[in-house]
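**Q** Going letter by letter, the sequence shown gives residues 1 to 642 in this note's numbering.
It is worth saying that the hints were derived from the structure and are not from the lab. Be careful, since some hints might not be right.
What the hints assert, rightly or not - Calculated lysine-lysine pairs in the DSS-like style (CA-CA distance at most 25 Å, straight line):
# : residue 1 : residue 2
1 : K122      : K627
2 : K122      : K257
3 : K588      : K598
4 : K623      : K260
5 : K588      : K602
6 : K260      : K122
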Amino acid sequence: MPSDKVNIESNEEFEPQEGEFSEDSDIVGVGSLSEKELWSNIGFHRPLGGFFYKLPLTLIEMVIGLVFLSYLIQFLYPYPEPLGYRAVATGIFALMIEAFNLGTANMMNRFIGESNVKDPEKMVEYIQYFIWYQMFTGLIQTTFISIYALFIVPHNELAYAIWILLIFSTTEYPGMLGVFRGVLDTLQQYNKTAILGFISGQVFQKITEIGFVLWGRYYGINHPEIGEIMGIAIGASIGFYVDDFVATLLSAYYFQKVMKDYGFTVRTCFRHDFDSKLFKECLSWGIRSGLPSMIWGIVTYVELLLWLRFVPQYTTFKALFDIAGTFSGLMGWNISLGGSISEAFFNDKRELAKYYVGQAWRYTGLIQFLMIALISVVTMVLEPAFIAFNIEYQILAIPFILPRVIREIQQPYNNIAMNVISSTGHVNFQAFTNIVETTLSLVAWIILIPVLQLPDKFGITAVIWMLPCAELPGILTKIFLQYLYLQKKVLKLRIPFVQAFLSPIFASATCVLLGYIYVTFVFTPMIQVVNTIIAIIPAILFLLFIAFFVYFPLTGFFGGWDDGSLDLLEMSTHISGMGKTFSKPLYKLLKYTCSKSKLHNKYGLDETDALREVRELMILRNKNLTKKVRIGVITKFDKNEG
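Take the sequences, apply the hints, and build the full model.
**A** Here it is, written out as structure tokens:
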């Protein structure tokens with residue numbers, strides 16, 4: 001990775017106060033740090049830099065997905081049923097898999113986030129436990145699913161799915177293929193996890209998916225006893241699994257590079273150094289924190305059975321629902337906190353933990369209102385686009401988009417709450433809120449499907465709204481209870497509501513209005529004059545334009561940014577990889593816009609205590625590293641404390 005120098009005003013050596021810091025720590029102005037050192041420094045610049053690092057890769061994924069959706073999908077999936085068959089067949093084992101995964105549930109964010117700072121040897125023992133547990137339980141799962149597929153499935157309504165289940169059973173062994181990537185994410189090495197996600201998701205997986213689906217389709221056409229649709233489903237099941245091994249090797253390579261500073265290797269992680277005390281600690285934690293998820297698995301299983309029993313075309317609706325998720329899933333974009341909360345909280349840095357949560361809410365709001373604007377404009381042109389790309393049957397997925405958007409709005413805030421509750425050790429309350437959510441959701445499914453029989457009475461309209469939204473009352477109740485508990489018992493959270501919600505609302509509404517004008521007076525006439533495919537190209541450029549030159553500048557003008565958040569954005573640009581193509585111009589544009597706003601600096605978070613705790617936490621971690629990391633201090637902190 002290139003060693004860029006960060007150009008933030010102060011890069012001179014920083015003089016700590018007498019007796020405040022360890023002699024092992026080299027504290028300098030942040031401008032002296034290389035890109036690698038910035039990734040090694042603790043702070044919110046890592047989640048933010050990771051978001052921008054991943055952004056261009058995500059855009060490339062979207063382009064690949066567009067090509068896949070528009071051209072290849074008509075050859076690979078000429079019918080929506082194959083993916084629906086696969087989802088149904090594998091969904092029946094979701095509960096069992098959840099049960100076996102209890103032993104490692106939520107353990108990375110909880111234990112690795114804490115121990116990487118004060119006890120790296122213990123961190124490696126947690127990783128060893130994860131690997132051994134998953135491999136042993138994976139053998140049991142593979143055996144059970146295989147027996148079920150061979151001896152029970154042939155006698156029930158899932159007889160068509162025997163081969164899908166047998167292939168699926170192999171995915172549970174060795175069961176630890178994602179361990180190294182999971183650790184990297186917990187350690188907030190988002191530059192590495194972004195590359196891993198892109199390669200495993202859009203390179204190797206697409207290659208294996210395309211290859212095996214084409215093979216499955218060819219085999220099914222030539223073997224009537226299998227059939228084309230089932231051949232495609234079997235091929236997809238194989239293709240989605242094979243790439244995991246390549247991704248594991250690559251993640252092990254990146255993991256090895258990070259572990260050098262701790263003095264460990266990949267091979268160390270396959271040893272058995274952990275004792276029975278650690279085993280009991282992890283197992284107890286996993287059961288208590290993961291049991292609610294298993295209970296949710298019961299609801300999912302009951303939901304699946306109800307749909308299959310009362311809605312004959314459920315597999316088709318499920319496939320259309322998933323297609324809509326390609327667009328509505330953008331609402332789930334957020335800033336990943338990884339193990340940062342545990343890292344701060346259990347090392348007595350609570351102001352830093354509060355700061356992480358506040359910034360996560362702030363960026364979630366900024367991102368979501370942008371996505372609402374973009375999805376609104378995209379939905380206006382989807383129908384002619386599907387027709388132009390010869391995938392007319394997917395037009396039926398368009399009505400699912402709005403209900404799915406409504407469902408997905410809560411997800412990032414839900415994730416933040418669950419991360420904080422779990423990472424601060426309050427698993428008993430987490431279990432309680434999950435049981436409340438599960439109970440309300442189960443009651444909702446029973447009332448809506450077998451009792452009121454809404455799908456029979458209202459047809460596809462009921463299905464469109466029930467699939468994403470029937471569980472919302474339970475989910476929202478859980479989220480409310482969790483944040484109430486956090487505020488009263490754990491952390492006095494400081495949420496920048498103006499920056500997270502009010503400023504973005506005005507910017508988002510402006511973008512939707514401009515989008516409507518563009519579609520009405522530019523896109524639609526272009527379709528009539530030339531054709532839809534040609535009209536889509538400038539439409540994509542228009543979306544990028546309103547995102548970067550309308551939406552974000554308006555958020556700055558309406559008070560969505562302050563000096564601290566601008567400093568943080570500038571710092572993150574230097575660890576954004578290719579993403580600095582977006583983050584650097586965005587910073588300059590926002591800085592100019594904010595200078596013209598009377599609302600600038602009126603609604604920001606006070607970060608003084610959080611930045612002090614960052615410095616203290618880095619000094620503590622340096623005591624346990626074989627190779628010390630220079631500690632960067634940003635300009636604002638220098639002025640306040642230096």
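**Q** None of the hints should be skipped; say for each whether it holds.
**A** The hints, checked one at a time:
no. : hint        : result
1   : K122 x K627 : 18 Å, holds
2   : K122 x K257 : 19 Å, holds
3   : K588 x K598 : 18 Å, holds
4   : K623 x K260 : 15 Å, holds
5   : K588 x K602 : 20 Å, holds
6   : K260 x K122 : 16 Å, holds
In the structure shown, no violation is registered for any of the earlier numbered hints.
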